Amino acid sequence: MPRVPLSHIAHGRSGDKGSHANVAVIARTDAGFAWLRDNLTAEAVAAYFAPLGPSRMERYEAANVRALNFVLYDVLAGGASRSLRTDTQGKTLAVALLRMEIDWEESAPLPPPSVDRMAKA
Amino acid sequence: MKRVRIGNGCGFWGDNLDAPVELAAAGNLDYLTLEYLAELTMSILAVQKAKDPAAGFATDFIDVLSRLAPVLKAQPQLKIVTNAGGMNPHACARQAKQVLAAAGLADKRVAVVSGDDLLPRLDALFGAGHPLNHLDSGAPLTQIRDVVVSANAYLGARPIVEALKLGADVVVTGRVADASLTVGPAAFEFGWEFGTSALDRLAAATVAGHLIECGAQVTGGLWIGADDATRLGSVGYPIAELSADGAFTLSKPAGTGGAVNLETVSEQLLYEVADPARYFTPDVVADFTTVALAQQAPDVVRVTGGTANGLTDTYKVSVAYRDGFMSAGTLVIAGPGAAAKARRSGAILLEKLKRSGLTYAETRVEALGAGDCVPGVVGATGDPPEVVLRVAVRDPRRAAVERFTKEFAPLVTSGFPGTTGYTTGRPPVREVFAYWPALVAKSAVTPSVEVV
Chain Y
1 MPRVPLSHIA
11 HGRSGDKGSH
21 ANVAVIARTD
31 AGFAWLRDNL
41 TAEAVAAYFA
51 PLGPSRMERY
61 EAANVRALNF
71 VLYDVLAGGA
81 SRSLRTDTQG
91 KTLAVALLRM
101 EIDWEESAPL
111 PPPSVDRMAK
121 A
Chain H
1 MKRVRIGNGC
11 GFWGDNLDAP
21 VELAAAGNLD
31 YLTLEYLAEL
41 TMSILAVQKA
51 KDPAAGFATD
61 FIDVLSRLAP
71 VLKAQPQLKI
81 VTNAGGMNPH
91 ACARQAKQVL
101 AAAGLADKRV
111 AVVSGDDLLP
121 RLDALFGAGH
131 PLNHLDSGAP
141 LTQIRDVVVS
151 ANAYLGARPI
161 VEALKLGADV
171 VVTGRVADAS
181 LTVGPAAFEF
191 GWEFGTSALD
201 RLAAATVAGH
211 LIECGAQVTG
221 GLWIGADDAT
231 RLGSVGYPIA
241 ELSADGAFTL
251 SKPAGTGGAV
261 NLETVSEQLL
271 YEVADPARYF
281 TPDVVADFTT
291 VALAQQAPDV
301 VRVTGGTANG
311 LTDTYKVSVA
321 YRDGFMSAGT
331 LVIAGPGAAA
341 KARRSGAILL
351 EKLKRSGLTY
361 AETRVEALGA
371 GDCVPGVVGA
381 TGDPPEVVLR
391 VAVRDPRRAA
401 VERFTKEFAP
411 LVTSGFPGTT
421 GYTTGRPPVR
431 EVFAYWPALV
441 AKSAVTPSVE
451 VV
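Going line by line, the protein sequences match chains Y and H.
Just so you know, we're using full-length UniProt numbering here: the first sequence kicks off at 1 and counts up by one.
Just so you know, we're using full-length UniProt numbering here: the second sequence kicks off at 1 and counts up by one.
Among the hints, erroneous ones may be present.
[To be verified] Below, in silico cross-link-like pairs of lysine-lysine (DSSO-like), each with a Cα-Cα straight-line distance of 27 Å or less:
1. Y:LYS17 <-> H:LYS316
2. Y:LYS91 <-> H:LYS316
3. H:LYS406 <-> Y:LYS17
[Stated by the list, open to error] Output of the computed footprint for chain Y on chain H, the stretches with three or more beta carbons under 8 Å from beta carbons of chain Y:
4. 120–130
5. 267–281
6. 383–393
Hints listed in this document are in silico derivations from the structure and should not be mistaken for laboratory results.
Bear in mind the structure is a predicted one, so any value in this text is a computation, not a measurement.
Using N, Cα and C, we set each Cβ at its ideal position, and we do this for glycine too.
Given the sequences, and given the hints that come with them, work out the whole structure.
This is the structure:
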């Protein structure tokens, strides 16, 4: 089965809630959303971000926009006010998660995400 | 059918200074909102006010207002709603009034919304049984009472409506929930009552406010699909045009860069959201999972749905307290094995300090360019030609942090080859203000509205 980055089927955005962060992952198609629902579990995302030491992980659904929203507790090392990290607000967590390699065998190929277009330009 | 056009020209203090003027000039707006306050901003403003009783608000707003004067003359109906008041909304409103008068707009009515500042009342609140426990840990605020620098309740849209009822052309608030800057004008124009009768409409307007509160973040900024064709250099700021049932279109001024599409809007819909079915504001608990998006025209998205999921009897309170000092400095390390050399350089720096008897409450070494922005999650691909070494420390002792800032320069001569970038001198030391979220009963807070 072909391995593709999660960004092939989804886009997203992340931000901070104090020392917690949220990462929204939004499918580009209905088939992509079905895959996210079945495979992008709270456990899978917690494992992916394990080096940041999340104390807890919540997964919410917003099917109206084909999205899953993850809340990663205590991953910002103190948050915007006192974290020593460069990314105190978790702004880069979404693009980090969208690099996750997944198995994807949808017959109809998706248009390439435009981040790839920029990379080739 | 009546519609209200609300544009947001500022998403945070530090946002583009021309955006409010360009948006107001081209947006055909009824209301211009300007959002200046982040969690950390209030503590900085509190410290400024402690030094100077006339300070403590977002001074950018005064500059923006003076440059808006020609637009306000050309569009006499245009009203401004802003939380630029920060820790000192009265001083901000007085300066706003002066700037308007100097520009020949002395007839403009400026109103102030205050009552959000709980710092002078903290001990009375404790005494009355409001412990302001930490929202996550449950610890009582009395634990850190001595080092609190600011404590503000997030007020809602209701006092903004009161200000508009008083005929205000400019409403200056302190801490108000960001979305309420939009909900206020909508509720005023459509005559929505707070409480249960118009909850779904308040929720729909909350969706609008949430979408536009970060400025260009909904019009192409941060969009995953952004590329050169998106023309982010001339990105247009967002406009929500609401109707009485709460449905609205989201757009931007014609000819501007950026994009308004299902991706930009859905990304922003979930930005900084926890449970999308329960987005808490002082006005309503909004359910974002009932929102429907449709691309109505290029760069115009129609947003319907957005329903209420109840109402709270509490205000969120944001408390900031002194928590020591921190500093972060950078150098560039180039050459083969740059990432490893950078990490080793950081370790050398901290080891030298340790030999001098200095250890810190917390330290961090990052090799930026080698995946350390999300440490351990995104690995480096290949051997980057150079990386940025960033070292940061935090400690209760200012002197210890000062000493740290002097340890960067020696690496330029005693470190690895290809070490450069020591051009900005010693990094500054800054005081840390930690964040303490809490709730307080609405009955314990009295919003106040005055015309200056």
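Here's how the hints hold up against the structure:
no., hint, in the structure
1, Y:LYS17 <-> H:LYS316, "13 Å, holds"
2, Y:LYS91 <-> H:LYS316, "23 Å, holds"
3, H:LYS406 <-> Y:LYS17, "34 Å, violated"
4, 120–130, "violated (count 0)"
5, 267–281, "holds (count 11)"
6, 383–393, "holds (count 3)"
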